[in-house]
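A.B. asks: Below, each chain spelled out in residue letters.
There are 2 protein chains.
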Amino acid sequence: MARRRVQLPPVKIGVLGLGTVGCGTLNVLARNRDEIARRAGRNIEVVAASARDLDKQRPIDTQGIRLTTDPFSVVDDPSIEIVVELIGGTDPARELVMRALDNGKDVVTANKALIALHGNEVFARAQAQGLTVAFEAAVAGGIPVIKTLREALAGNAVEWLAGIINGTCNYMLTAMSERSADFAEVLAEAQALGYAEADPSFDIDGIDAAHKLTILASIAFGIPLQFDKVHVEGIRNITLDDVRYAEALGYRIKHLGFAKRAAAGIELRVHPTLVPRRVMLAHVNGVMNGILIRGDAVGPMLLSGAGAGADPTASSVVADIVDVVRALTVDPNNRVPHLAFRADSLSEAPILPMADVESAYYLRLSAVDQPGVLADITRILADLRISIEAIRQPEAADGDATVSIIILTHRVGEAAMNAAVERIARLSGIGANITRIRMEEFA
Amino acid sequence: MARRRVQLPPVKIGVLGLGTVGCGTLNVLARNRDEIARRAGRNIEVVAASARDLDKQRPIDTQGIRLTTDPFSVVDDPSIEIVVELIGGTDPARELVMRALDNGKDVVTANKALIALHGNEVFARAQAQGLTVAFEAAVAGGIPVIKTLREALAGNAVEWLAGIINGTCNYMLTAMSERSADFAEVLAEAQALGYAEADPSFDIDGIDAAHKLTILASIAFGIPLQFDKVHVEGIRNITLDDVRYAEALGYRIKHLGFAKRAAAGIELRVHPTLVPRRVMLAHVNGVMNGILIRGDAVGPMLLSGAGAGADPTASSVVADIVDVVRALTVDPNNRVPHLAFRADSLSEAPILPMADVESAYYLRLSAVDQPGVLADITRILADLRISIEAIRQPEAADGDATVSIIILTHRVGEAAMNAAVERIARLSGIGANITRIRMEEFA
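As you go down the protein sequences, you meet chains A and B in turn.
Basically the numbering used here = 1-based index in the first sequence + 2.
Basically the numbering used here = 1-based index in the second sequence + 2.
In short, the hints are calculated from the structure, not lab data.
Keep in mind that this is a model prediction, so the values were computed, not measured.
Here a beta-carbon is modelled for each residue, glycine too, at the ideal position from N, C-alpha and C.
Hints may contain errors.
Here are a few chain B residues that sit away from chain A, every Cβ distance over 12 Å (derived from the structure) [as the list claims (entries may be wrong)]:
#1 E83
#2 A126
#3 A156
#4 A200
#5 D298
#6 L305
#7 T315
#8 D333
#9 E360
#10 R381
#11 A418
#12 I426
Simulated restraints, written as ranges between beta carbons of each label pair [what the hints assert, rightly or not]:
#13 A:Q228 <-> B:E47: 29 to 37 Å
#14 B:R279 <-> A:Q193: 25 to 33 Å
#15 B:R246 <-> A:P12: 39 to 47 Å
#16 A:A130 <-> B:L195: 49 to 57 Å
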């Protein structure tokens, strides 16, 4: 059907890692070989691949590919122009990527930990070598959020971004909401389905989302990668009651990465958040990811799609390979900068300490069902100038001596909220565990 | 705060047209001058601009810009490297763009009619000259759907795309749905708000959406621009009753551009569509645009945001300028192809005639309230092998001798549906106007 006339020689690539994403990448490159060549103007040829266990059965065709257990032999292979790092983790990925750069090869990676923790160093090396390290697949799988922030929004001052960027958390919170299942049940289910690891901490305690937020914030605001400054909370404390109360109030609980440019500095935080149901982000469900970005020119923009999986992640890996292939003839000084802004013009804007961050809040307390408790609580909030948007006191179950009290506050500084929670917890008749979840309006 | 060290000389651009988008572009370039230079590595300087009436008050600072009523003097200005065409329409825009290319200048345009109707010729000229014509702003305003399809999805075989790509239609359908207002009322309102022209036909009869769909389909599937092959229907026949009945059945009516790669050819169609409420596209409301794309690797992906307006459109124009600035040092043969696929490898896949297109249907008939009518209708559908998903017969208003009958069908070929509607209309007791709206599941 197509009159193909691809004249440039094929680009030779080496793939490190034949796990889910590695196999997906090989399959997508093979399946769409013709479409990709029609776009890129060249064929892309995998000439070598490394894996820990070569005997493992994999759903791929490895004909014509040199297979090895030694990834260093791939990055040292002089015939290879682009190294695709799909091992994950920082060790030995970091060493392999640095060596590939030293060997004059461009790199494509899906490794969020590598970029979030060692990106500053990796990009400096690439820059010094006039090479590119592309990392679209490191954040939100198939969603082109890196390209959108770096290129499509080049004319904008980005004001804030909010992302559902961990599919495990979103699967679990969605399941709790849609099927009234409790946390332990949906965690077991996510583990059975392979959405959560045996040790699920990396996902459900927010580390994975914090890696991704670190990267998004850097390219949105032109700041260096600063993972250690992200405030991180996971979803372990979210109960089915919280999910239900939030819904009755018109909200869904989502685990968000949130970055915002405030006057005093930049907010970087990962935590469960009440999102109003009228906002489309609240409708990004299951394992899907979604990122809402507000630029001063474009206004609010939402990208949503698959945040993980073999083929969606491969979609981003292959797009990066094609971009790198195109950039081979570009003056290195004229390429899209790794972190969107040129390395010599990154901003030193401070990251705001959490005590200075403002947010509205959902509070859930359990209290002895007796007069005067609510008056004590509202007095404490008033003293700290925390204004209340709504109070709900769902009826206690029969025979239950304690009741739940739900309070929605207007925006308040973190320090004042900390003080309020501490004082309320000391009241007699109040249970020790006070649940606090931030709320954002995205207006 | 930022250590700026921008060393390349500024890029000099000329702007044709100082309407809404022209003024927005000047404002965004001025307001975000520093952020843009930190990304692009160079300042972008508007040195000349043309407008029909120079005395008109505009919300822009034109200091340092040569103003002229003669757009040809801008495209002939030897100091200008990039011409930004924001006049709209095909005449004189086409001549201006061709002359800019002949003069060796790259072009950025927001002109969907120009691209949809004359893009094949324009891109051929650009290609021959080793130049770029960038047109992100021509489709869906601030949403980077061109970049996403051309670059981010380079590894995918795109299966289909469905877009809410006309803000006027979406505003009107949303208003009908949310406020139970009728068509005439919301049209008058859209005109008062400036969302619809005095002659609204270009928007509400689907021409504007068809221009945009032509462009999206071309870059999704690697086919030439073929505006004349798009099946176009507008929203004039949608009544408040249809909106309500659709909602009762779990759907929202949206005006969509739909392009799909089927085995026999490519479907290109613009028409009102019942979209299931569980699909996020159904929640893209008001003047917002949204495009749902399904790639074989990435799966379904949604982009949504502002589809028009000064600043959002300027966001795309400026992103294109930055891309073109970067591409100045690229071997022209290695740039992103105008239509995503290289000009020598466009596909000759046929566009499917509408008679061969399959779709599920919503039908609304008015019938005399007497026994046997429904039996006659279902007999006709059965004879044509059209299977029925649901029938609803809302109660007639008091004193009303006719009733509405709503029928949802399963997927059926267009030819069979045409025959069915023709036969049903001939039944005695059936009103002449039978409303038919296509339905898609996007599963």
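A.B. asks: Each hint needs a verdict: does it hold in this structure or not?
C.D. replies: Consistency of the hints with the structure:
1. E83: Answer for E83 of chain B: holds, closest chain A Cβ roughly 14 Å.
2. A126: Correct as stated: the minimum Cβ-Cβ distance to chain A is 15 Å, above 12 Å.
3. A156: 4 Å, violated
4. A200: A200 of chain B clear of chain A: closest Cβ-Cβ about 27 Å, beyond 12 Å.
5. D298: Violated, since 7 Å does not exceed 12 Å.
6. L305: 6 Å, violated
7. T315: With a cut-off of 12 Å, T315 of chain B comes too close to chain A, as the shortest Cβ separation is near 9 Å.
8. D333: 4 Å, violated
9. E360: At roughly 22 Å from the nearest Cβ of chain A, E360 of chain B sits farther out than 12 Å, so the non-interface label holds.
10. R381: R381 of chain B clear of chain A: closest Cβ-Cβ about 41 Å, beyond 12 Å.
11. A418: It holds; A418 of chain B is separated from chain A by about 28 Å at its closest Cβ, greater than 12 Å.
12. I426: 37 Å, holds
13. A:Q228 <-> B:E47: 29 to 37 Å: Between Q228 of chain A and E47 of chain B, where Cβ atoms are some 34 Å apart, the hint holds.
14. B:R279 <-> A:Q193: 25 to 33 Å: 31 Å, holds
15. B:R246 <-> A:P12: 39 to 47 Å: 58 Å Cβ-Cβ, so the 39 to 47 Å window is violated.
16. A:A130 <-> B:L195: 49 to 57 Å: 54 Å, holds
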